[in-house]
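Chemist: If you want the building blocks of each chain, they are given just below.
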Amino acid sequence: DQQVKQNSPSLSVQEGRISILNCDYTNSMFDYFLWYKKYPAEGPTFLISISSIKDKNEDGRFTVFLNKSAKHLSLHIVPSQPGDSAVYFCAASRNQFYFGTGTSLTVIP
Amino acid sequence: EPEVTQTPSHQVTQMGQEVILRCVPISNHLYFYWYRQILGQKVEFLVSFYNNEISEKSEIFDDQFSVERPDGSNFTLKIRSTKLEDSAMYFCASSAGTSGVTDTQYFGPGTRLTVL
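Residue numbers (the working numbering), protein chains in the order written: chain Y, 1 to 109; chain W, 1 to 116.
Please keep in mind that the hints were generated in silico from the structure rather than gathered at the bench. Treat the hints with caution; some may be incorrect.
[What the hints assert, rightly or not] Derived lysine-lysine pairs resembling BS3-like cross-links, with alpha carbons at most 27 Å apart:
id: 1; chain 1: W; residue 1: 42; chain 2: Y; residue 2: 56
id: 2; chain 1: W; residue 1: 57; chain 2: Y; residue 2: 71
id: 3; chain 1: W; residue 1: 57; chain 2: Y; residue 2: 5
id: 4; chain 1: W; residue 1: 42; chain 2: Y; residue 2: 54
id: 5; chain 1: Y; residue 1: 68; chain 2: W; residue 2: 42
id: 6; chain 1: Y; residue 1: 71; chain 2: Y; residue 2: 56
id: 7; chain 1: W; residue 1: 57; chain 2: W; residue 2: 83
id: 8; chain 1: W; residue 1: 83; chain 2: W; residue 2: 42
id: 9; chain 1: Y; residue 1: 5; chain 2: Y; residue 2: 54
id: 10; chain 1: Y; residue 1: 5; chain 2: W; residue 2: 42
id: 11; chain 1: Y; residue 1: 68; chain 2: Y; residue 2: 5
id: 12; chain 1: W; residue 1: 42; chain 2: W; residue 2: 57
id: 13; chain 1: W; residue 1: 42; chain 2: Y; residue 2: 71
If you're wondering where the values come from, they're calculated on a predicted model, not measured in any experiment.
Please put together the full structure from these sequences, using the hints given.
Modeler: Below you can see the structure in the form of structure tokens.
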């Protein structure tokens, strides 16, 4: 039962360009969405979140967009930096958190 | 900067044995969580804990699992009789609790459990 899906297991982007990571969900009752970044051998690190009452939230180089009608979430990183290379998980919440399977981002110098 | 710590980093056990995974959340945090990630799969929510009781649990968190906050600093996950499919990375997380479930969760580095 995959309520949150990240259909791209990997993504490669040139340094300085925009990285766009996508996430789809099935449960219209989710009211809170998050993105986490994970480096190897470390726990997930919170990156940015958005409430279902908003359609955009921006924090520095990171912007999350929410399209409720399409049940689609995306994370934009601009400009991308080599240090952004990591696995990115989206998560959706009502009371519990449901995570996607992650997208491995590689930013090429 | 305060951080969540977990011990051990790697636990190897025989099937049917009990294991206890330990976590020290960030002090003054009020919500505590356990997640697991089976190798190559998604991170899965197991349980949340608040005010000395379970507030939410997933279908995965069956009678084999239990959580406890035995003192003011530790938060433990016990698996009573481990199965091969319990092999996974287990992450503990904590949050301040000021906004309930929407609080930022801070994750520990994880404990890799290997059941043989």
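Chemist: Does each hint fit the structure? Answer for all of them.
Modeler: Okay, the hints, checked on the actual structure:
1. W:42 - Y:56: Since the Cα atoms of residue 42 of chain W and residue 56 of chain Y sit roughly 25 Å apart, the hinted pair holds (cutoff 27 Å).
2. W:57 - Y:71: holds (24 Å)
3. W:57 - Y:5: The hint holds at about 21 Å.
4. W:42 - Y:54: holds (26 Å)
5. Y:68 - W:42: Cα-Cα ~23 Å, so holds.
6. Y:71 - Y:56: OK: residue 71 of chain Y and residue 56 of chain Y at ~14 Å, within 27 Å.
7. W:57 - W:83: holds (19 Å)
8. W:83 - W:42: Holds, at roughly 19 Å.
9. Y:5 - Y:54: Since the Cα atoms of residue 5 of chain Y and residue 54 of chain Y sit roughly 21 Å apart, the hinted pair holds (cutoff 27 Å).
10. Y:5 - W:42: With a Cα-Cα distance of about 10 Å, the restraint between residue 5 of chain Y and residue 42 of chain W holds, given a limit of 27 Å.
11. Y:68 - Y:5: holds (15 Å)
12. W:42 - W:57: holds (17 Å)
13. W:42 - Y:71: holds (19 Å)
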